[in-house]
Every structure is written in structure tokens, then in C-alpha cells.
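**Student:** For reference, the chains in residue letters:
2 protein chains.
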Amino acid sequence: MLEIIFSPRSLAVVGASPDPERLGHVVLKNIVVNGYAGHIYPIHPTATVVLDLPAYPSITALPEIPDLVVIVIPPQHVLPVVEECGKKGVKGLVVITAGFKEVGGEGKELERLLLAKVREYGMRMIGPNCLGIIDTVSDLNVSFAGMMPLSGEIALMSQSGAMCTAILDWSRAQGIGFSRFVSLGNKADVDEVALLHAWNRDPHSKVILAYLEGITDGPGFIAAAREVTQQTPVIAIKSGTTAAGTRAASSHTGSLAGSEAAYEAAFSQSGILRARTMNELFDLAMIFSYQPLIQGNRVAIVTNAGGPGILATDAVERSGLKMASFTPETLTFLRANLPVTANIFNPIDIIGDARSDRYRIGLEAALADPNVDAAIILLTPQARSDLIETCLVIIELSRTYGKPVATSFMGGYSLGPSLEMLSVNKIPNYTFPERAVQSLSSMVQYSTWRQRPAPTYRSFDVDKERVRKLFSSVRESGRVELGEIEAREVIDAYGMRLPQSRLASSPDEAAKIAAEIGFPVVMKISSPDILHKSDIGGVKVGVSDASSARDTYELIEYRARKYSPGARIWGVLVQEMVRTGREMLVGVTRDPQFGPLVAVGMGGIYVEVLKDLAFRLAPISELEVSEQLRSIRTYPLLRGVRGEQPADIAAIEETVLRVSQLVTDFPEIVEMDINPLVVHNQGEGAIVLDARIILK
Amino acid sequence: MLEIIFSPRSLAVVGASPDPERLGHVVLKNIVVNGYAGHIYPIHPTATVVLDLPAYPSITALPEIPDLVVIVIPPQHVLPVVEECGKKGVKGLVVITAGFKEVGGEGKELERLLLAKVREYGMRMIGPNCLGIIDTVSDLNVSFAGMMPLSGEIALMSQSGAMCTAILDWSRAQGIGFSRFVSLGNKADVDEVALLHAWNRDPHSKVILAYLEGITDGPGFIAAAREVTQQTPVIAIKSGTTAAGTRAASSHTGSLAGSEAAYEAAFSQSGILRARTMNELFDLAMIFSYQPLIQGNRVAIVTNAGGPGILATDAVERSGLKMASFTPETLTFLRANLPVTANIFNPIDIIGDARSDRYRIGLEAALADPNVDAAIILLTPQARSDLIETCLVIIELSRTYGKPVATSFMGGYSLGPSLEMLSVNKIPNYTFPERAVQSLSSMVQYSTWRQRPAPTYRSFDVDKERVRKLFSSVRESGRVELGEIEAREVIDAYGMRLPQSRLASSPDEAAKIAAEIGFPVVMKISSPDILHKSDIGGVKVGVSDASSARDTYELIEYRARKYSPGARIWGVLVQEMVRTGREMLVGVTRDPQFGPLVAVGMGGIYVEVLKDLAFRLAPISELEVSEQLRSIRTYPLLRGVRGEQPADIAAIEETVLRVSQLVTDFPEIVEMDINPLVVHNQGEGAIVLDARIILK
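Chains F and B, in that order, are what the protein sequence lines are.
According to numbering that gives the first Met the number 0, the first sequence is numbered sequentially starting from 0.
According to numbering that gives the first Met the number 0, the second sequence is numbered sequentially starting from 0.
Incorrect hints may have been included.
Unchecked claim - To give an idea of the chain F side of the interface with chain B (calculated C-beta under 8 angstroms), a few residues:
no.: 1; residue: G145
no.: 2; residue: L149
no.: 3; residue: L414
Unchecked claim - Stretches of chain B that chain F covers, calculated by requiring three or more beta carbons in the stretch to come under 8 angstroms of a beta carbon on chain F:
no.: 4; stretch: 169-183
no.: 5; stretch: 268-278
no.: 6; stretch: 302-308
no.: 7; stretch: 407-417
no.: 8; stretch: 427-434
no.: 9; stretch: 606-613
Claimed, not checked - Here are the computed distance ranges between Cβ atoms for each label pair:
no.: 10; chain 1: F; residue 1: G541; chain 2: B; residue 2: D550; range: 25 to 33 angstroms
no.: 11; chain 1: F; residue 1: P591; chain 2: B; residue 2: D352; range: 28 to 36 angstroms
no.: 12; chain 1: B; residue 1: I387; chain 2: F; residue 2: P56; range: 37 to 45 angstroms
If you are wondering where the hints come from, they were derived from the structure by calculation, not from laboratory data.
All values derive from a computational prediction rather than experimental measurement.
The C-beta atom is built at its ideal place from N, Cα and C for all residues, glycine as well.
Start from the sequences and build out the full structure, keeping to the hints where you can.
**Tutor:** Below you can see the structure in the form of C-alpha cells.
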């Protein structure tokens, strides 16, 4: 897929001017000088030769139909050319020209027309408003970038062209290479989802990097990423995550930035590794593209200096990796072959006067040990250090044992040729030890993701039809918010437990219902117009006899009329008083890009103060809900501390899954809260005490 | 102070061999070739000339008494030389020789003798077991390092010699320079405290960096750092903070690594900035040594590309800085002078084709704006970029306006000379924007620290004598743990409130006391041998009448005898039942390096689950206790949420300060817990319900 763009047999450049100052000339030159082997056709209204190539006045005038047409002409001329391409049967486009959606107004309309044309003729298009694309596998540089990237096994997509330029420039200096390098621009047609599909199982790319500002099709993105990450790690940096960043992003590309929680959930549910900084993005890119995937989390460290060894050990513990415990054989071997002053326990300290032979002893012992999954080699340059020989040892042993290794040769001035040697031989080197550790830790995270079973989804037997009818009647009555009784009906239709509850429309009826349910009861005003019932004194708990029930009815109704004049009042709800339990909250908001985002956490004041909620996007799998619940900080309280009985965790999970099914079935639910969900002890279930539902 | 070591007028090198392979030769050569201007005397038993300098057989044979003597001979010969130095009146020593404390056993004893000698003659000594010292101000390189650092305004001390080597090597490549560069080695005499004092108000050092593994004198370190950080920022990286890291540290230097919480508290209470990684250490070192101190937290960003602008904006928000809001004048100026496609709001986007003139417009407008405290300049190299001219603009404007600036020129390959130009002109440049932001954020943190008023300590009128006597009697009885009644006495003597409470020694007496206190009461077994009274059913709350009081006495006593046979039982404590309130915990542990560490946090199950405790080292100042309490996550619960009354925060603070005074007065208290401290509403005080105290 998309080969027509990345590996075209022939291409034309519309706007390929003979004037070296023009962008079209620069793009053509990049194609020519970087060794593209297919036919290249410059298109120019008047020139007959450009860069020694015969030029043509139009696509129609060409001797063959090119696979790819690159467009670098003013925006007002783009549509007719695309129309011509479509008619002639061209299938691939790269539109570098700017002046479309990003300028708003007319540009937006122009882009809509452009996309319609592309779709009409079944073409695929990169851009508009992009730097172009570079493919080192087919030696194709269709861009106005100032240089060609080195060849490598990293595929990169970026929504920012300037970020492409910066990365290109920086990566050359670092010796980091790419297989594909794509500036997405306005991504009118080909977007991150299309590229993920195109790069799935790409034999030339061991890792995919994405610089994202906003995502157009959230669910499509998750589905594509979930598939791709089964074979290939995807590392993303998402900018525009803070309020101010989002404002900056909007002024920049006009793409919706999406809520931070939704992106976190999307990345976690699709196995995407998130880099927090550009440095981290490339730290990870290096280890994933250079080294085999890690199979466990036990790390050995070999060092010629104590201090860096301690730094690295600290970092291992903090990052959730484990310091490997060596087998007795390994220890015996190390004891026999290293000087007595060496430390043979992990970290292996081979002492400052170590040469490559001692690095061989330490590293080979570590890599051969079945208790070791990866090794980090630290080196501070000392008088006796033989850097090149040490590199050779590391390169040889890493290939022999097939376990990932990373190095931290600490220094710069006297390391020069050794750093290049490591880079060329695909040993990721980090200036300081902490980043080597962090990168291995992300590898473990990805490796764990790959080993997860395929997601399974529970489907509950629910009364969908009843909810559909209810929603219709709510809409017909011109409301978007459900009243309490309606919300209860939805909860009931989706199989969640509710306290017994009936509506009373007079004090006497309230007393009668309460007697039937059994004292004590809770009484609440019932009105579609009063959202926060407690705030106006519209809720009373522990009503203990018939006389109080009558008084309470009157009081609550009086308050409702007084504090919410004009509110429709349906009566007073008389409810079973549920015995106490842990109070949880299950909430839903609808993210504009990713759809329903389901939150779970402890209810009550702790939600506000601790903000201890975990989010997942619906539909939620069985494994995901389990992880979701376990990721809240107060989870130990559910398991029970100090001899308390554990809470019915299965009942909480089931509630979340039923809510997930509900909001997936009904996209018109834009907001929903179950608060509190009273959770009893293990095996005793959970009861929804109150619920709010708001429709679109 | 320590000028004798860092700026000696003359020096001798004991062990200065003519053999270029010997360490003594390397050290002498470093002194000679790096331009030291004072007299240099090689000392060697047989050679008469070393490196063209006349050599002498001993210190005694020298024509003058050198300020500094450097010792590079085998450990067994060190003591006699030091004795000779002392007798001749030498005052400064650098002992490079290894084989002392770090090898254990005899080495440890040798170091003890060495230090005794040094003290006896009033000398000061760096080492033993170190790389040496380098001082670029006096062109002094007394070390076996492979190179001289660049000159700069960063003073560095490191407990790891290898880290020194690595930093030296790396800093040369980065263009980062130092004023003083010290390998502390075993720091038998001169340690981090002595160096902090020595470098206080050093006109050549704008920032002090410390690589720490362990600290010998915690309180001394805090006192010194507190003083120094009033003038000079101190940035520390502390390794050996995790359990595994600590083990690695012990095998490395034998220094105690100290608890993580104690270090955090020590750094926070003395204004030290903590770097988490080596990268961060130098990120901060650059901005502090290159730029003026920031005066507020409002940042302007000038960029020629949208993507990096968003990244930087996100980072600003996350780091607690603020994006500056420009004045109307600034906006008018920018609107009038930048192209219409530019973004004139912060971040100022001057668009990809910007040259230095547009950087001047954007940056000058930002720096001149009174709402801006610092500026970050982002540049991705584009076709029209004029890097050198842009550097000149930045250098000029940063000097004119005196506000700190940082740059992120993103790239590498085509940036070469511009990066060097920035570095030479003291503009800190960061590969990617996030690190520039993080560095400014640390500057704000330090600037805030400098503006703090001097700490004030409350001294409460307490009955110290009563506690002293009580502790004596506890020790005389051969115990270390106080019984409950004893602990109550201590709490009372230090002016903290307790519930009414009396000891009953029979069921009838219990009933009588309970009636006098007023029902309901709490009853607890009283025994010096039973620590966790609840666990054995030794506590009963809500005892509501005389008959229950009698029953409870019998039951509790029975359980205590059954579950803790052999425990001494003093009777049953009958206590006033305190009305409920927020339950807090105030605890103390004694850190081996830093002394008493006082914790405060919510009590009950939340301590265990959320680990929401804040720590400070005693003695705690009024401002510190206030910050301590505000730094716990559950602090909003104390202020009151959802219309609750606020808790008596002043009473909690006072309790912490009284505990701080107690544990400062009595260093023999190694552990103490007030749990729970029941805190009532504002103005209503707090009551200690239970306390444990353990003595050394």
C-alpha cells in the first residue's frame, strides 16, 4: 500500500523551474542528485530542459503516465493539474504547495475541493502544505529539505515540517538514519492512520516514530496502531497537551489537540510508547532500531568506574527494571578471572585500569548468564582504556548472544572515533547512563505489550431497545439531560443493580412506599431540572418512620420550589437505604477525536482532591478494565488493608464494562456519571446509588 | 579559606618520578604544562632533575617551605612524609595515593592515622584516593586527568574520580568550562562541607555542582548549603538513592548512602537544586553560569516554526512557568512589524522564512515587555536562515536587557559554527526546547528560594527536665520503648494536648474513673511490652456505662495475658472519648546522616496506601512547617472541600514544631509516632490520641 508514492517507477514534478531560487527547482534537484533510478519528468509551461532533463508543458504531454506527480505551484493552479492527473490515470500525488486549510477561509474550501478530486479519481495524496517525503530505500527525496537523511531502519512521520527539517539536520550529526521520512502537512488524504497501515510489516523499518499535534480519526488510529504494534514498535511524541500548548497548536495548524487523558488512554490501549521529549524519542528510536527486542527485565551492568555504576543501578531500580542476580557459575567465573579488587556482583566493576580483555570477561559472563536479559556497558575514559578494542568486543559479543545491549561511553573529547564505531555497528550509546536504562525500560514495556493476549470483549445481554425508546422520548420532550428515574431505567436496562426505589407524589404515598421498602429510607426530590439535588437540600437520608417520611416529603418539595422556581417537579423518590460500602465513581466523557472515555476511581471527596481516576476508551476489553482499576493509587483500599475484607472488584469491573457497552451502543451519550457506585465486600456486588446521563 | 590548596605560591610533588609511566610523573607534568606560575619542586629519592626541574630528596631538603604538597607515593610511605610536612610547617596537602579507607581493614586504620596527623599539625588535606584538583583561575592542575578543563564559572566537586574524568572529557567537547574542579576521594579532611564554605562568595564561580554519594556531616552540610545558596546556586546529583544503588555505593566507597527522604528534605531546606540525571546537572549548570538570575516566572518564546513552539509551550505549562501575556504596546509593535502570517501572541511565530531581522523584532519586543521575565529562542534551520547574524542579535539583545535567555537551535549538521558562537558568548543552547524550559524553571525555583525570608524558629516553653528524668528511669529499667503512660507524659511535658486519661487496676476502678471522665470512654491495655494494642484486641472504644467498663476491663486483660504471655501488664487505661476529627500522623525517624526526620500526613489507612507524607529535618522553621503541610496531596482536605469547615491547620503546625523541638532536645529519641493526632475545626485544636517513643 502506498508503494505508488514511496516506490514510484516514474515521477513528474509540476513546477520544476529552471530558476534555482524556485522551490520546484529545489525539489527536482533533490530527486535528481539523491540517486532516484526511475524516470523523472520536469513539467514547466515554457522550459524545454531543466537540470539537463527534457521538460514538458503538461502531464498530458508526457510520453508515459507517471506513477507519482509532485506539485510545487501556487495554490490557485493546483486543482486543474490534479484534475488532469486524475483523468490521465495518475494514482500518486505529493502536494508541497501551501495555502490550503492552514490559512483558513478560501484555503479551507480549496482543500475540500482538492480532496474531492483526489477521491473522485481514486488517487492517494501526501499534503498539501508539506515539506515532502524521503525514502532512503528507493533513494527518493521528493522534498525541499536541505539534505538527505542517512539510511537506517527508522520510519518517521511528522505533522510539523519544521520538525522534519530540525530532525534531519540533527540526525545527520548524530549518525542516526531513516528508512522513510514523511512530512504529513495538512494530511487531507494520507494521514497517520494510512501511514501506519502502509508501514505495517515494512521489512525496512524496525521502528516507527510519529510527531503528532492532533489526530483526525481517533478510533481508526487506535485500530491501526494496535495492529502495527504487534510487529513494530511505534513511538509517538504528542505536542499540544497542555491548555497553552493546545492554543499554540490551534493557531499553528487548526487541528484539534484532543484531551490529554484521551491520548494517554489511546496510547496505552494500542501499545504506543509515548516519548515526553524529543531527546527521549530518539533515545528510544536508537535502541529499537539497533538492538533485538528484550525478553525480560533483568539487567546486568559492566563498568570501569564505581560512580557511574551507582547512577545506573539507581536508574534501573527507579525505572522498574531489575538488577540481575548472577548464577553461581557466573560468579565463580568472574572471581577467577577478574582482579581481586573488582566487584563481581552486579554492577560488575572491572576497575579503572580495565582494558578490552576485562570488558570481554565481564560482558561475556553477563550475556551468557541465563538470569540476564540485557546488558549496559559503562566506560569512563581512563589512561589505560583501549576504546576501539573495547568497541570491537561489545559489537562481537552483542551479536553472539542476541540480547540487547546499550552503552554509555561517558565523555566526548577523547571518545570521537569510538562513538562513530558504536553508531555504525548499531550499538546505541548514551552520553550518561540514566538514558540507556530508560531506553531499555521502554523496551521491556513494549515487549510486555507484545506478549499480551488478544483483547476479549464481554457482551452483556441488555435491553437496548428500551434505552433507545427512552432516549427518543427524552429528545422529543426537548431535553438533553435525563431525569433521575430515566437514568435509573437506563442503568436497569443495562443490567446494573439499583436500590429499590419508587416515586411518591404525596406525603402519604411517600410514607406508604417507605413502609413497603422498609425503614430507614432515603428521599430525594425528583425533577428533570434540578441537577445537584443535595445543594438545595433536596436529599434526606435515614428517614426512619412514617411520620418523618411525610414531613420530609413536604420539606423537600418546599425547598425545591423555593430554590429552583419553575423547575418541573415529578414528586419525591423514596429509596432503599443501601448499607455502606466503598464509594466509587464511574464516569464517561466523549472525546471529540477518540469517542467515549470511561473513568473509574474512588468517589466522594477523594476524586476532587486526589484526582485518582484511571481512563480507558470504550469499548474496553476485559484485560483493559482490570489494568484500569489496578492503576488507580487507591486500589489497595479495594483489595483491603489492615485486615479489611476485600471489595467486590469483579463487580466494579463488570459495571465499567456494562457502561462501556452502553456508551458504545449509544454514541448520543456525551456525558455520564455513576456516583456513587456503592461496592460491598467480595461476592456481595455493587449498587448504583445515583446516575446522571446527558445526551447530545 | 583553602587558598593554600587552590592558590598556592609554591608546591612540591612527592613521588615526581622521571619515569613518564609513573603517576607522579603525570601529575607533575600536568602542573608544569598547564601554566602554573609558582615554584614547583619535584621530590624524588634519587633523581636530581625531573621534567627539567631540579629535584630534591625530601621536603626537608627544599630551599623554602611550599604552600602545598602533593603526595603520589605508595600508601605505606605516606605517613612519614605527612609527618615531615607537618613538622616543617606545610599547611596544604593533596593526597592522590589510594589504598586507604576504600580497601577496608588496614587501609581504614592508615586513614585514621593520616587524618590524626593532619589535624595535629593544623593542615588541610584533599583525598586520599582522589584524582586531584584543578583550578583554572590559578592555572593549577594537580591531577592525573588526561586534560585540562576549559576555563569557566562552574565549580565542581565529585566524590567519584571516574565521574570527574568523564565530565572533563565530555565538557571539553561541549565547550563547558570550570573555575574549580575537585575530586574529593575519601574526603578524610576536606569534604563537601569544607568546600561549600571555601566557595562561598567565590567571585570566580557563578554556580557550584556536586556529585554526591554520601554525606558525612548532614547538619553541617545543611548549614553550609543554606548559607552558600543565598549567593550562589548549588546543584547536586545524589546517587545511591535506591536500595540497589545504595548497595552498589557501599561496595564502592563504603560511605553511608542515607535515606532518600532525608536527602530530599535536606536539599529542600537548604535551597539546593537537585538534578535527576547528569544531563540535567549540566543543563542547569549552563544557564546558571551563563545567564543572569530570573526575576519572575513569565516566559516569552520566539520561534521560526510552529511545531517546536508548541513543544516549548507545553513544557512551560508542565514545568510551572507561565507563558507571558504581552502588553498592548508589544502586540501593536509586533503586528506592525511582522508579516501578517506571523503569530504575534506568545509563542511569537516569525515563520519559516525569518531572517535575523525578524528575530530582532520578535526578541526585542519580548525582552522589552515588562510582562516578560525570560525568553526562549527556537530556531529550526531553514533555507533562508542566517544563523550567525541571528546569534549576534541574540547575544546583543540578551546583554542589553539583562533578562535570561536560552536558545534551542534544533539540528546539528548545519548548525556547527553557530552553536560554538552561542557557547562562547554564554548563551545556553539546548538540542530540543523542553530542556531549555526545564532549566529556566529551575532558575525560578532558585530565585524563589533566594527571596525567602531568613528562617525563624519557635521555641515553646516546655518541661524539658521532666522528660530528661523520665528517659533516665526508662533506661534504668533496661527498656528502650516507652510505655503508653510514659509517652503521654512526654507529650504533656511538651505542651501537646491529650485526652483525659487515668490508669485503672481493677474492673471497679475502671468503672469509677470512667464515670468521673464521663461516658462514653475508650479503654486500652497498658503494658510496656505490647506495641500494637489493637492487633490483640486490647483496645475498646465507646464503652458507654459502668457495667460495660467492668466487663471490658476483664476482657482486655484476659486477651493481653492470652496473646502476650509474659508481658508486664500495668492495668487498663480509661480515656476520654475524643469527638471525631481529621486523623493525622506525625512521625519521626532518625537518619544516620541528617538526624531527626519529621513526617506529617493523613493518618489511618491513607498513610499506607497513598504514602502521602511530607518530610522535613528538625529543627523545622515556621515557614518550613507551613510548606511541609501544604506539600501533602491531601492538604485540600484540611482546608475543607464541599463546604466542610477547615481543620485547625495552625494546631497541626504547632504539634509538628513541638515534636521538632522535642527530638532536637533529645537526640536519644530514635523513633516516634503520634498516630492519630485528631484535628478539630479551625480554632478548636488538635489532640494526641496515641503516641509511641523509642529511645536509642
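**Student:** Decide, hint by hint, whether the structure agrees.
**Tutor:** Status of the hints after comparison with the structure:
1. G145: 7 angstroms, holds
2. L149: At 10 angstroms from the nearest chain B Cβ, L149/F fails the 8 angstroms test, so the hint is violated.
3. L414: OK, holds: L414/F within 8 angstroms of chain B, min 7 angstroms.
4. 169-183: holds (count 5)
5. 268-278: Result for this restraint: holds, n = 4.
6. 302-308: holds (count 6)
7. 407-417: Contact hint for the stretch 407-417 of chain B vs chain F: holds, 6 residues under 8 angstroms.
8. 427-434: holds (count 5)
9. 606-613: holds (count 3)
10. G541/F to D550/B: 25 to 33 angstroms: Given about 30 angstroms between the Cβ atoms, the range holds.
11. P591/F to D352/B: 28 to 36 angstroms: 33 angstroms, holds
12. I387/B to P56/F: 37 to 45 angstroms: 42 angstroms, holds
Consistency with the previously given hints fails for number 2 only.
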